[in-house]
Amino acid sequence: MRSNGQPRADDWVNHVIRIRDTQDQVAFAELFRHFAPRVKAFLMRSGADPSLAEECAQEVMATLWHKAHMFDPTRATVATWVFTIARNRKIDALRKQKRPEPEDLPWGPEAEPDQEDILSLQEETRALGQALAELPEKQRELIERAYFGDLSHSEIAAETGLPLGTIKSRIRLALDRLRHTMK
Amino acid sequence: MTTEDIKHDLTDELLLAYSAGNLPEAFSLVVATHISLCDECRARLVSFDTVGGAMLESCESIEMSADALDATMSRIMSGAPQAAARKSGGLFPTPLQDYVGGDLDAVKWRPVGMGVKQAILPTSADASVRLLYIPAGCAVPDHGHRGMELTLVLQGAFVDETDRFGPGDIEIANEDMQHTPVADIGADCICLAATDAPLKFRGLVPRLAQPFLKI
Ligand SMILES: [Zn+2]
Ligand SMILES: [Zn+2]
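Protein chains in written order, with the UniProt record's numbering: chain A, 1 to 183; chain B, 1 to 215.
Hint data in this document are derived by calculation from the structure and do not stem from the laboratory. All residues carry an ideal CB built from backbone N, CA and C; glycine is no exception. Treat the hints with care, as some may be off.
Stated by the list, open to error - What the simulated footprint calls covered on chain B by chain A, stretch by stretch (three residues with Cβ under 8 Å from a Cβ of chain A suffice, anywhere in the stretch; the number is not a length):
#1 8-20
#2 38-51
#3 181-190
What the hints assert, rightly or not - A short list of chain B residues far from chain A (calculated; beta carbon distances all over 10 Å):
#4 GLU60
#5 PRO141
#6 ASP142
#7 ARG146
#8 ASP163
#9 ARG207
#10 GLN210
Said to hold, decoys possible - Distance condition first, Cα-Cα at most 30 Å in a straight line; then the derived DSS-like pairs of lysine-lysine:
#11 LYS96/A to LYS7/B
#12 LYS98/A to LYS200/B
#13 LYS200/B to LYS214/B
#14 LYS7/B to LYS98/A
#15 LYS138/A to LYS117/B
#16 LYS98/A to LYS87/B
From just these sequences and the hints, can you work out the full model?
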């Protein structure tokens with residue numbers, strides 16, 4: 001960890017690996033301090049009251065511990081992974097619906113992941129975060145509403161102000177990277 | 001079926017809504033089943049999930065209760081089943097098998113007339129999803145749409161006014177589209193179809209049958 005407090009994104013990867021390999025509770029506590037309050041805020045913005053959001057955030061973090069062996073750092077950053085767990089918990093707890101998930105890919109995360117792939121994913125994700133931060137206020141707000149708020153699928157389809165073009169040009173990189181890892 | 005043969009993919013709007021968790025369960029099932037068959041859409045979904053992760057990273061945070069970490073550790077210690085990778089190997093990808101309770105031979109078909117069979121799968125009520133079995137050369141009656149209809153081909157192929165749809169292909173129809181899907185002559189066609197509003201049939205007989213078929 002760097003001396004100025006926050007670990008870099010690729011350090012979070014090491015935290016998850018420490019949990020997976022040695023059930024490291026110190027690594028978990030650090031991850032918890034960073035992500036649990038964000039998950040709680042995300043759930044409250046999605047309509048959960050504070051006590052439900054608190055409980056669900058704890059469940060999301062417990063899931064992270066139990067699924068540490070399924071995390072693939074060449075395909076997702078820890079933040080992306082936490083987002084997908086929190087999103088599934090939101091659908092389950094708030095919308096009372098099941099979440100059909102795609103079949104798992106034929107290759108698993110068992111093989112030791114390539115450090116270069118991990119780093120380039122972290123780098124692209126940082127660039128994407130930067131691009132999102134630099135969006136005009138109105139566009140960023142729309143994206144936030146699409147992910148955290150109440151923009152339904154038909155509203156997303158009708159919403160011409162959504163900067164999907166900007167997102168797409170950024171995530172082109174993610175697409176190319178995934179193709180590369182699948183070869 | 002291989003991913004290279006797929007010519008009709010999901011839109012960005014659908015992938016974003018699925019990533020954000022804003023689709024009705026019935027549509028999510030069709031999306032998850034297509035992604036299980038299509039590496040291209042899987043990669044695009046990963047991209048949208050990455051946007052979600054970036055939003056989570058940059059958004060505000062709300063303090064957890066004082067004993068939250070301890071409470072979570074006791075949750076963890078009380079245990080949970082270890083999840084394993086899921087891979088079906090059958091005709092139906094795993095998300096669909098979860099809803100059918102097995103592969104093709106587990107489907108409980110009900111005849112809907114003219115040789116066509118269907119099996120409605122249990123989901124939340126905001127949209128409905130069914131498996132359709134259309135014998136080679138047969139047609140689904142001419143109809144329009146009041147909302148969105150997603151049709152994913154699992155076996156065989158169908159042709160309508162817009163194009164030909166083969167295994168893995170997805171057709172997205174909405175209010176301004178009227179069509180008569182006809183199964184290819186080569187093989188019986190099996191599709192997974194979701195709608196969020198009843199279809200509008202042009203013929204009288206299908207219209208009369210509609211309430212009983214829940215289409
Ligand atoms: Zn596709
Ligand atoms: Zn139709």
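Hint check results:
A stretch counts as covered by a chain when three or more of its residues have a beta carbon under 8 Å from one of that chain; for the region 8-20 of chain B and chain A the count is 8, and the coverage holds. A stretch counts as covered by a chain when three or more of its residues have a beta carbon under 8 Å from one of that chain; for the region 38-51 of chain B and chain A the count is 11, and the coverage holds. For the region 181-190 of chain B, the stated coverage by chain A is violated: 0 residues have a C-beta nearer than 8 Å to a C-beta of that chain, whereas at least 3 were required. Residue-level check failed: GLU60/B sits 5 Å from the nearest beta carbon of chain A, not beyond 10 Å.
With 10 Å as the threshold on Cβ separation, the claim that PRO141/B sits away from chain A holds: the shortest Cβ distance comes to roughly 26 Å. The non-interface label for ASP142/B is consistent with chain A: the shortest C-beta to C-beta separation is roughly 25 Å, beyond 10 Å. Annotated as non-interface, ARG146/B keeps its C-beta farther than 10 Å from every C-beta of chain A; the closest such distance is 12 Å. With a cut of 10 Å on Cβ distances, ASP163/B stays outside the contact zone with chain A, its closest approach being about 20 Å.
Consistency note on ARG207/B: stated as away from chain A, and its beta-carbon is indeed over 10 Å from all of that chain's, at 25 Å minimum. Even its closest Cβ contact with chain A, about 23 Å, leaves GLN210/B beyond 10 Å, as expected for a residue assigned away from the interface. A distance of roughly 34 Å separates the Cα atoms of LYS96/A and LYS7/B; the hinted pair therefore is violated under the 30 Å criterion. In summary, the hint linking LYS98/A to LYS200/B is supported, as the alpha carbons are separated by about 28 Å, within the 30 Å threshold.
Simply put, LYS200/B and LYS214/B have alpha-carbon atoms about 12 Å apart, close enough for the 30 Å limit, and the pair holds. Proximity of LYS7/B to LYS98/A is assessed by CA-CA distance (about 29 Å); at most 30 Å being required, the pair is judged to hold. Between the alpha carbons of LYS138/A and LYS117/B the distance comes to roughly 48 Å, so the proposed pair goes past 30 Å and is violated. Of the pairs offered as hints, the one joining LYS98/A and LYS87/B holds, with about 19 Å between alpha carbons and a cut-off of 30 Å not exceeded.
The structure does not agree with the numbered hints 3, 4, 11 and 15 stated previously, though it agrees with the rest.
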